[in-house]
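With the hints as your guide, set chain A onto chain Y.
Chains Y and A are the protein sequences, given in the same order.
So in the working numbering, spot 29 of the first sequence is number 29, and the numbers just go up one at a time.
Count along the second sequence starting at 1, add 343, and that's the number in the working numbering.
Hints in this document: simulated from the structure, not taken from any laboratory.
Bear in mind that the values here come from a model prediction, so they are computed numbers and not experimental data.
Take these hints with a grain of salt, some might be off.
Below, a list of computed lysine-lysine pairs in the DSS-like style, where the Cα atoms sit at most 27 Å apart [unchecked claim]: (1) K406/A / K368/A; (2) K364/A / K406/A; (3) K127/Y / K426/A; (4) K477/A / K553/A; (5) K350/A / K658/A; (6) K539/A / K426/A; (7) K127/Y / K364/A; (8) K457/A / K406/A; (9) K127/Y / K406/A.
Label-pair restraints from in silico Cβ distances [unchecked claim]: (10) N451/A / T9/Y: 27 to 35 Å; (11) F470/A / L171/Y: 54 to 62 Å; (12) S135/Y / I635/A: 41 to 49 Å; (13) N351/A / S135/Y: 55 to 63 Å; (14) H126/Y / I627/A: 29 to 37 Å; (15) K648/A / S135/Y: 53 to 61 Å; (16) Q375/A / R329/Y: 44 to 52 Å; (17) I627/A / Q249/Y: 33 to 41 Å; (18) M422/A / T129/Y: 26 to 34 Å; (19) E535/A / H126/Y: 51 to 59 Å; (20) F172/Y / N451/A: 53 to 61 Å; (21) F470/A / Q159/Y: 55 to 63 Å; (22) G167/Y / N451/A: 21 to 29 Å; (23) N451/A / L16/Y: 30 to 38 Å.
Which residues of chain A face chain Y? A partial, calculated answer using Cβ under 7 Å [as the list claims (entries may be wrong)]: (24) A399; (25) F439; (26) N444; (27) L446; (28) P448; (29) S459; (30) F470; (31) H502; (32) S568.
Yeah, the Cβ is synthetic: ideal placement off N, Cα and C, and Gly gets one too.
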Amino acid sequence: MNSVVLRYTNLMVITLIVLSLFSFALAYLFPGHPIENLTGLSTEQLASGYQHAFNYASGESLLVQYWHYMAALFNGNWGFSFHTGLPLYEEIKHVLPASIELSAYALIISVLVGIPLGFLAALNHHKTTDYVLLSVSVLGYSIPVFWLALLAIMGFSLQLGWFPLSGRISLFYEVPVETGYIVLDILLSDIPNKRSALLDVVQHSILPTLSIAVVTTTLIIRITRRSVIETLDTEFVQAAYARGLSTYQVLVRHGIRNALIPIFPLLAMQFTTLLTNAMIVETIFSWPGLGNWLIQAIYHQDYPAIRAGMLTVSALVVVFTMSIELTIRLMDPRRRRVRRGTI
Amino acid sequence: MILLDVKNLTLELELAGEWVKALDKINLVINQGQIHALVGESGSGKSLIVKAIVGALPNKRWKITADRMNWRGQDLLSMSVQKRREIVKSDISVIFQNPINSLDPLLNLGDQLKQSINIAALPKHLFWQRNQYKNRRVEELLHRVGIKNHERFLKTYPHQIPSNLLQKFMVAMALASDPKLIIADDPTRGMEVTSKAQILRLLSRVNQVKDTSILFVSHDLLAISSMSHCMTVLYSGQTVETGELQQLRKRAYHPYTQALLDSAPSFRKDLPPKSPLTTLAGTIPTLHHLPIGCRLGPRCPRARKECVVTPSPRKIHGHYYSCHYPLHWAGR
Chain Y
1 MNSVVLRYTN LMVITLIVLS LFSFALAYLF PGHPIENLTG LSTEQLASGY
51 QHAFNYASGE SLLVQYWHYM AALFNGNWGF SFHTGLPLYE EIKHVLPASI
101 ELSAYALIIS VLVGIPLGFL AALNHHKTTD YVLLSVSVLG YSIPVFWLAL
151 LAIMGFSLQL GWFPLSGRIS LFYEVPVETG YIVLDILLSD IPNKRSALLD
201 VVQHSILPTL SIAVVTTTLI IRITRRSVIE TLDTEFVQAA YARGLSTYQV
251 LVRHGIRNAL IPIFPLLAMQ FTTLLTNAMI VETIFSWPGL GNWLIQAIYH
301 QDYPAIRAGM LTVSALVVVF TMSIELTIRL MDPRRRRVRR GTI
Chain A
344 MILLDVKNLT LELELAGEWV KALDKINLVI NQGQIHALVG ESGSGKSLIV
394 KAIVGALPNK RWKITADRMN WRGQDLLSMS VQKRREIVKS DISVIFQNPI
444 NSLDPLLNLG DQLKQSINIA ALPKHLFWQR NQYKNRRVEE LLHRVGIKNH
494 ERFLKTYPHQ IPSNLLQKFM VAMALASDPK LIIADDPTRG MEVTSKAQIL
544 RLLSRVNQVK DTSILFVSHD LLAISSMSHC MTVLYSGQTV ETGELQQLRK
594 RAYHPYTQAL LDSAPSFRKD LPPKSPLTTL AGTIPTLHHL PIGCRLGPRC
644 PRARKECVVT PSPRKIHGHY YSCHYPLHWA GR
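Next comes chain A alone, as it looks inside the complex:
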């Protein structure tokens, strides 16, 4: 069953009087029970996609258009703000990448966790039982993410807690409303290996036990390959390639995907010791200087004259790519 179906999502931001397409025709499909990875360099618009889905864009000027942006068959863009909030509240949770900034500094953690418990989903109760129930639920959530000393923890404020614990707390907050989709926006950023493994294991377990879909936004290819089913590669606000992870790893069609996989030494079996790692020359363009057509153009080793026209997505066996001159493709 398809949970989230986004087609040709375009987000324009106003930068110094000009409208810039920060996201250009993004396609994303998330199925029930799937872990879908969203990969891209920093600045490729991963977080913007997350914010566009939940409707939490910053208070600046922006325009959002899409052919389709459906949540379980309901169009998110055309519905009222109220309705959309209700859906987001009950079905979607976001784990933000920067826990210390995403938590209210003046409220203690217990209050914040209780706020994200979905009251509508509680069993029938009288109002004086509500608080008791919430306390029990909060305790259970914290134990689930591996925080044992819950009483003390709930009374503290965000700045008093080390960031890896806060990240676990964010996961607990995301689980609080029993969502159908968890959007994890780089949940393991700047973490050391053990906490990272804990968080990833936790997310996989939630996916397996509760059949919760996860949109896993990251640039950690190793983590992605260990847990996700599907992957969407993003470059500078364009979806470059989408497909099942195994297929993508075996045979990437887009030069950027290939470059991304090559840049991770753990994916290269044939890499001799002490050899230089392959990288793409150049850096990701800033929003002020976006190239026309395929945005990878200036950095692409296979770029030709036709690449100034944006390639339309093509499909082979549930594997989408947007490239005029794909790899492993002798047809043209």
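Only chain Y is shown next, with the shape it has when bound in the complex:
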């Protein structure tokens, strides 16, 4: 087991190093002076006041420069934004929790809805329920996210007025930032109207969450359905029926575990889709998250911000995917090291 953890950690670290190399290369690939792209400060500013903050060793070999870049990265010294002039590390620390919150809600909803519906479709294979669910999922999968979000805004916020248009929380509530996760912040804070603030947050997050969750849910329905159908076709499930177990018993004892094992790695792969969709939806709903922030940075040709944002997003994806894969790997007894018993 230790060797497996070691191997996955190793793989993860190497991937992250490659990513950091790429982000370092971006400084040279973007137009402009590399030191400006890295620090977000003009050469004059660097010369005048900020020299103490950076130790970039320009003029040295690329390897030495990379070493200094990494040192600055780990010190939380990620440079400054061209556009706002604020330190990037602080900015990302501020916007990242909002994105994680949104994606997490969407992921939880799509798992909670998608897996049971997938099971339902598979258990009614070749019946009306199956066909209905399948066609609904094709429909949901084919709708572009940005269009769906716009429709949702038009219908539910403008015409019906059920949900607010944009943002994360109404301006009436002043929640002091502690963790960046707004629900946690409200619970930790001592503002007078906690309950209504929470309700407001929930109202704000419903539309963006649902617009992201639709695509992921339909994907999960399809993955689950396929996996369950395949599991129910295997010989050991038939053998269980032949032993006189009822459909329910077969499903609980043998079906669910065996069907879920192949689902989770595929689910982890859907995380990137989820994150991309979250970025688009954030822009539409003016959700103050990483996606919105990154797209603004791209508009403003804010090279240091693009570099830092890209590194953060990709690191997030890599860490998430790897941890899911590792969990699955450790859970699956088939892939444990074979120790032949002597009998």
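Same frame as chain Y, but now just chain A:
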């Protein structure tokens, strides 16, 4: 006493939009305490019969009809699914031919064995004694099939165990519910001689000691002749000949049975050394290209014009055969 009585069992499968009779009017009678062999080439529908009896057909489209399919006087086909499962659970066990695929890969062997113990058959106990009792029973079962190191064995997963041990484990699982009928679907497939002998001896012993009937599905004629009382020969989904083993060996009426017996050199006393073995020309037809009438027709050395009509089974001294022109039969 008749345990299982199947008459004219027909199983139709849908293949590429057409309904094909994968099993055509199968007759099978199993008496209490008997070892009944079911012989046939690969693809003759042996496993389908097994699955049809226990009601574990794959989730594809199929139709099943029979004049009679009785388990100790109760009709299996007309009863509710629930009831049928109960009967199968308490009275019938199946040893599947492919142990590694027939076991759940994610559960350890101990859990799987405990699942097949029939709780209803346990003596009166309180719920906290149940697990203890099950553990004792599991241990006893494993020892019975010749697995000594039970503690370690029960904690392992199917893929960690060599297949002959798994096969013994399948036998233990089949014995767990103290069934009245064990259906052994090719239990010795791909085994080397010693393990094979162990399994066969085990099955015979269970038959003798507990008076358990065994439906022994195989194509190993030598094994069959050493232990079974009756034999049913199957060809391409049709029962060709049924009877007591000794009678069948002495005097087979159906050309296919004769060809089958001739193809096994151990049954031929008169076979000179280095002479070619007799075989039937051709191969068993696929489900897409089944001949009409007697399905052996195209391969049969004695086929004539009448063979395009399916022969009805005829009986001589408890010996059934389905052939228009039987061997040893000068009457026609």
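Verification of the supplied hints:
1. K406/A / K368/A: holds (13 Å)
2. K364/A / K406/A: holds (9 Å)
3. K127/Y / K426/A: holds (25 Å)
4. K477/A / K553/A: holds (20 Å)
5. K350/A / K658/A: Holds, at roughly 14 Å.
6. K539/A / K426/A: violated (35 Å)
7. K127/Y / K364/A: holds (24 Å)
8. K457/A / K406/A: violated (34 Å)
9. K127/Y / K406/A: Between K127/Y and K406/A the Cα gap is close to 17 Å, so the pair holds against 27 Å.
10. N451/A / T9/Y: 27 to 35 Å: For N451/A and T9/Y the Cβ distance comes to about 28 Å; the hint holds.
11. F470/A / L171/Y: 54 to 62 Å: Between F470/A and L171/Y, where Cβ atoms are some 60 Å apart, the hint holds.
12. S135/Y / I635/A: 41 to 49 Å: holds (42 Å)
13. N351/A / S135/Y: 55 to 63 Å: Distance hint for N351/A, S135/Y is violated at roughly 42 Å.
14. H126/Y / I627/A: 29 to 37 Å: With Cβ atoms ~30 Å apart, the hint holds.
15. K648/A / S135/Y: 53 to 61 Å: Holds, since K648/A and S135/Y (Cβ atoms, about 54 Å apart) stay within the stated range.
16. Q375/A / R329/Y: 44 to 52 Å: holds (51 Å)
17. I627/A / Q249/Y: 33 to 41 Å: holds (37 Å)
18. M422/A / T129/Y: 26 to 34 Å: holds (27 Å)
19. E535/A / H126/Y: 51 to 59 Å: violated (43 Å)
20. F172/Y / N451/A: 53 to 61 Å: holds (58 Å)
21. F470/A / Q159/Y: 55 to 63 Å: holds (59 Å)
22. G167/Y / N451/A: 21 to 29 Å: Given range 21 to 29 Å: violated, Cβ gap about 52 Å.
23. N451/A / L16/Y: 30 to 38 Å: holds (37 Å)
24. A399: Holds, about 4 Å.
25. F439: At 5 Å from the nearest chain Y Cβ, F439/A passes the 7 Å test, so the hint holds.
26. N444: holds (4 Å)
27. L446: Since chain Y brings a Cβ to about 6 Å from L446/A, closer than 7 Å, the hint holds.
28. P448: P448/A check passes; min Cβ-Cβ to chain Y is 5 Å, inside 7 Å.
29. S459: This hint holds: S459/A lies near chain Y, its Cβ roughly 6 Å from the closest one there, short of 7 Å.
30. F470: violated (18 Å)
31. H502: Holds, because the Cβ-Cβ distance from H502/A to chain Y comes to roughly 6 Å (cut-off 7 Å).
32. S568: violated (28 Å)
Against the hints set out earlier in the document, violations occur for numbers 6, 8, 13, 19, 22, 30, 32.
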